[in-house]
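Engineer: Sequence:
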Amino acid sequence: MKNSLKADIFIIFIGNVFMGFAYAKWVVPNNIINGGVTSLSMILNKVLHIPLLYLSNGITALLLIVCLLFLGKENFLKSICSSIFYASFFSLFYSLPFDCTVNISVDLLLACIFIAFGYYCCISTNASTVGIDVIALVMHKRNNKVNIAKSIRYINVFVLVFGFVVFGWQSVVIGIIFTYIYSSLLGLLMKREKLFYNKKSFY
Numbered sequence: 001m002k003n004s005l006k007a008d009i010f011i012i013f014i015g016n017v018f019m020g021f022a023y024a025k026w027v028v029p030n031n032i033i034n035g036g037v038t039s040l041s042m043i044l045n046k047v048l049h050i051p052l053l054y055l056s057n058g059i060t061a062l063l064l065i066v067c068l069l070f071l072g073k074e075n076f077l078k079s080i081c082s083s084i085f086y087a088s089f090f091s092l093f094y095s096l097p098f099d100c101t102v103n104i105s106v107d108l109l110l111a112c113i114f115i116a117f118g119y120y121c122c123i124s125t126n127a128s129t130v131g132i133d134v135i136a137l138v139m140h141k142r143n144n145k146v147n148i149a150k151s152i153r154y155i156n157v158f159v160l161v162f163g164f165v166v167f168g169w170q171s172v173v174i175g176i177i178f179t180y181i182y183s184s185l186l187g188l189l190m191k192r193e194k195l196f197y198n199k200k201s202f203y
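At position 53 of the sequence shown the residue is numbered 53 (the working numbering), and the sequence of numbers has no breaks.
Incorrect hints may appear among the rest.
Capping the alpha-carbon separation at 30 angstroms, the derived lysine-lysine pairs in DSS-like fashion look like this [claimed, not checked]: (1) K46 to K145; (2) K150 to K191; (3) K191 to K73.
Per label pair, the in silico range of CB-to-CB distance [unchecked claim]: (4) I84 to I113: 22 to 30 angstroms; (5) G72 to I14: 32 to 40 angstroms; (6) I14 to C100: 13 to 21 angstroms.
Hints listed in this document are in silico derivations from the structure and should not be mistaken for laboratory results.
Backbone N, C-alpha and C fix where the C-beta goes; we use that ideal spot for every residue, glycine too.
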């Protein structure tokens, strides 16, 4: 059991290395928004005039409580590890003075691949990224016919559309394309798990 937990934590660690790098070196430099917690915080900041940091931390704390109440202690503990790993690697890569951007098309594709893989590492080990995926995981747990990858996509798109007045149409369109690609890749990875490992499917 301990070895299994260590293996899961290591996989979560690797997933957050990929996500931290992608967000720090491709997503943020290109001002790509994806409808996640940060985007939602920016919308609420505009509407409620509450500092962005308070909103972001508050939403993250709320999602952790949701993890504990609806997804169980194991998911909660792993999700805490995931959030710590992500914050650490995002801060590290963001502070390192090297540039990985090529152009918006290449950067978008690379970010989608890295982020889809990172999400997969967390979800396949019964953890979350303490983001919008928490809501999708709760929906799936209530009804296992709910498709996690597509649910993440729809929730992100809803946030993006709601934030049109904040971001403008160009950012929203790029965000929707970004969300569609990475959620599709995530869906393919989760199908592969179902096909080759015959585990209880998350998809």
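Engineer: Run every hint past the structure and note whether it holds.
Structural biologist: Hints versus structure:
no. : hint                            : verdict
1   : K46 to K145                     : violated (36 angstroms)
2   : K150 to K191                    : holds (12 angstroms)
3   : K191 to K73                     : holds (26 angstroms)
4   : I84 to I113: 22 to 30 angstroms : holds (24 angstroms)
5   : G72 to I14: 32 to 40 angstroms  : violated (23 angstroms)
6   : I14 to C100: 13 to 21 angstroms : holds (19 angstroms)
Violation of the numbered hints given earlier is confined to hints 1 and 5; the remaining hints are satisfied by the structure.
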